[in-house]
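All chains, please: the whole structure from these sequences, using the hints.
Protein chains: 2
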Amino acid sequence: MVAVEVRPSRLKAPSELGDLFTDDRYERVSRALGKAYRDVVRGFRGEFENPPDLVATPGDESEVEAVLSWCEAEGAAVIPFGGGTSVVGGVEGRLGERPFVSLDLRRLDRVLEVDGGSLAARIQAGATGPVLEEQLRGHGLTLRHFPQSFEFSTLGGWIATRAGGHFATLHTHVDDLVESVRAITPRGTWESRRLPGSGAGPSPDRALIGSEGILGVVTEAWMRVRPRPEFKASCGVEFGDFLAGARAVREIAQSGLYPANCRLLDALEAETTGAGDGERSLLVLGFESAHGPVGAAMSQAVAIAREHGGEPGEIRESAPGAATPPMGRKPRHISGNRPVDGEGTGGAVETWRNAFLFAPYLRDTFVACGVLSETFETAITWDRFEALHATAIEAARRKVAEVSGASADGPGSPRVSCRFTHVYPDGPAPYFTVMAPAVRGGEVEQWDEVKAAVSEALLEAGGTITHHHAVGRDHRPWYDRQRPDPFAAALRAAKAELDPSGILNPGVLIDP
Amino acid sequence: MVAVEVRPSRLKAPSELGDLFTDDRYERVSRALGKAYRDVVRGFRGEFENPPDLVATPGDESEVEAVLSWCEAEGAAVIPFGGGTSVVGGVEGRLGERPFVSLDLRRLDRVLEVDGGSLAARIQAGATGPVLEEQLRGHGLTLRHFPQSFEFSTLGGWIATRAGGHFATLHTHVDDLVESVRAITPRGTWESRRLPGSGAGPSPDRALIGSEGILGVVTEAWMRVRPRPEFKASCGVEFGDFLAGARAVREIAQSGLYPANCRLLDALEAETTGAGDGERSLLVLGFESAHGPVGAAMSQAVAIAREHGGEPGEIRESAPGAATPPMGRKPRHISGNRPVDGEGTGGAVETWRNAFLFAPYLRDTFVACGVLSETFETAITWDRFEALHATAIEAARRKVAEVSGASADGPGSPRVSCRFTHVYPDGPAPYFTVMAPAVRGGEVEQWDEVKAAVSEALLEAGGTITHHHAVGRDHRPWYDRQRPDPFAAALRAAKAELDPSGILNPGVLIDP
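From first to last, the protein sequence lines stand for chains A and B. Per my numbering, the first sequence starts with residue 1, numbered consecutively. Per my numbering, the second sequence starts with residue 1001, numbered consecutively.
Treat the hints as calculated values from the structure; they're not laboratory data. In this text, a Cβ means the ideal position worked out from N, Cα and C, and glycines have one as well. Accuracy of the hints is not assured; some may be wrong.
[Said to hold, decoys possible] Derived, one-sided and incomplete: chain B residues facing chain A with beta-carbon distance under 10 Å: (1) LEU1119; (2) ARG1162; (3) TRP1190; (4) GLY1463; (5) THR1464; (6) ALA1490.
[Stated by the list, open to error] Take a look, some chain B residues computed to stay more than 12 Å from chain A by CB distance: (7) GLU1005; (8) PRO1014; (9) THR1022; (10) ARG1045; (11) GLY1059; (12) GLY1075; (13) LEU1095; (14) GLU1134; (15) GLY1138; (16) TYR1258; (17) PRO1320; (18) GLY1347; (19) THR1351; (20) GLU1456; (21) TRP1478.
The following block contains the structure:
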């Protein structure tokens, strides 16, 4: 049993605001960390260095405004918590002496309006994936945005961090699903019109999407939803050579076919997730539609894969009224409403899918077992992909070996695998998973060194420091080099205008 | 013959900068106006109230920087000219006593690099449509961005104004085609990384796209290009009822089929363009692909149209190697490189297409003939479309009748027609064309009143003041009400930071 010492709250909850704030120890501690490996390690150790001084759980927008006003008056910072699943230090207030409040919108979790004709729904920002899907289900609709954190993360968090979702092609980020956004800033309400498209100045929505809480607190959004897909097809395609698989994916991504699933796992990743034999890469292909059969599109994609040496397994199709094929086992402790029904089409595809859902839970076990595990994700144009892939893997292996004292190649050597989470006509979003023996007691430092080495490699090779995990605090050194300087200056000026006291999530994205 | 009096230049071209600047009368006058109806009228009259004092034609980025530095030192403003096709007062310096320079990047018109594997090309901002397509053609590639202004407008202008293009669905605006942008600001170079996707903070590209020259001068961009389409299908579908056609379009837009062409013309619009009998609406459907046959997708779309009462004409298909079907006549004086080959598939579709290409030329003739003609375009979600459609048409008819003294319904009454230029799952982008007898000598005032009345109606009904014509100066009163106030404050702060002397296109989008 680890004794948890928690810094006393440096703020006194204002009695005139009722139970809007709490300094309850559990509430504070449970919002002190995100879900990065370094967070989980510290949590296991009972190290909560930066607990919020208060937690605020507003029940409406006027209470959000009250929180901002009170904090501004007190000189306290406000960190929107979302679902607390940040893996980049986005919810941890590393603010030194400055007190701060963790803002949790979990009480704002309703689907307020549904416009079935326009396929749009007005949803409060505190709704988690399962909660909003459950409400949409009654209308026969779905947002179909399933990040790995789906069970816990919230709509507001997705918008604030440009979360990546279910669709491997086309509508990859939540960005494309946003019809309009409403946010509370210290200088008033920011609400855009509901518009299917516009050319009136730079998009106000795109300025908020990805702002990680530094400009305002997203309270609700009109989101583009869709009927639940009834026609589906899936297929696993094996490749002897990962780079041949990558070439097949490139051609599929450029074909205009837009598969919903198009994830290429290298041999190691396929093996780790139980979907492969460790010798062959696996391409997981899926198509879906609410409107009509997708078998023809799947056949075209499979034909492309075959031209690049791929060996396809059986194509599994489902359609309305057809018997649902036997499903793979659903991870039992994942509750919520992720619509696995009809999704499971068996075989390697299903095996990988279950491993994907399990992974965040496994990580906690890895920490307990002394396994360092971390992921790095980026995006890069095709012309530079192979070089990035080689240098990122090499950087990870070398650094892990160096800090763990193990050989880079021998027994106990690090496992570095790669998959594509999303793909575009102009390039893939590669996702690297590193597993290695942890240095007991030095896990955080080990992680920091590996993180820095791989991040450096990704940036040097021309990639983005993050395709969908956000910047937060952990990615800052590389983000600062990646973004255009005048854009940083513009963002800083915009923040100073809307948040002159600098209360909103200080330290993510920019410094004052 | 109209005598043209031009205000003498208030700036003296700096001799140390060679021929970077000119005060040549023709060069100045030809950049004094855009291409709105009110511009054409004033041009016919020889009224050039706001000619630039100098015209600058830099040959490289260092010369762009020199122009900005010199103007900042002189207290002069800089208005990027693009191709001069603004219909919203975007290139006209209504700056009172403040002198200004028109910045024309026409010398920067090269495709600098092509990355065929990633389907991307680095293109200079001054390249017009035909000039960049001609260069891409050598690589078997195309940008396939064809705004009506294609022949004259430039890549930089498209990016600065969020131009709408060829594709009626999916990639409707140039926004989606931008992989990275490079711009010169008074405080340094703004260049984003080439990335197929990213989640690193708010998109820096989206902040520049639509900024209408107030933050910086776009000098080049990596653009997503594609192979030239070889498989095509087109079909015209007639509807007795425009609103039934709209419902068919809605379902097609929500089907995931993504037709390249999906333009619904009401009966009047179809008649005006010679594509219809004046009784029936026409839906112009088209699919295209560089990769495979599109007949099946067309059949599905046509089946949807049929369910809504549409009567399809013949489906015309073309494929590689097949004989090209007889083409409609290409408007002879439209030179350039708009790829009509293989595009023409005859019939009503082709007739409408030619009318579309001709329209900007016809407008000049209309002015000479005393016909007021103007267009209004917006976007709106489906739930509010019918109401917007009714009120916009009513507002146009009433106001035209009022200012022209004609009856709203009798002979010589205004013709107000509607078509959809682009459609989305959540709503259409309706485009209204107004034609009426002009009030000789009072055309500008007449236009201003009609513009105001219809703009008011569009805004009141929930639409955007512009879907793809930009804001410029003419749309400002409505844009100011449409955009979120905190966003305007943020934009103003960003501009003040990057352009502290306020030299860049003052008066569009925001006031200092």
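So which hints don't hold here, by number, going up?
Hints 16 and 21 are the ones this structure does not satisfy, whereas the remaining hints hold.
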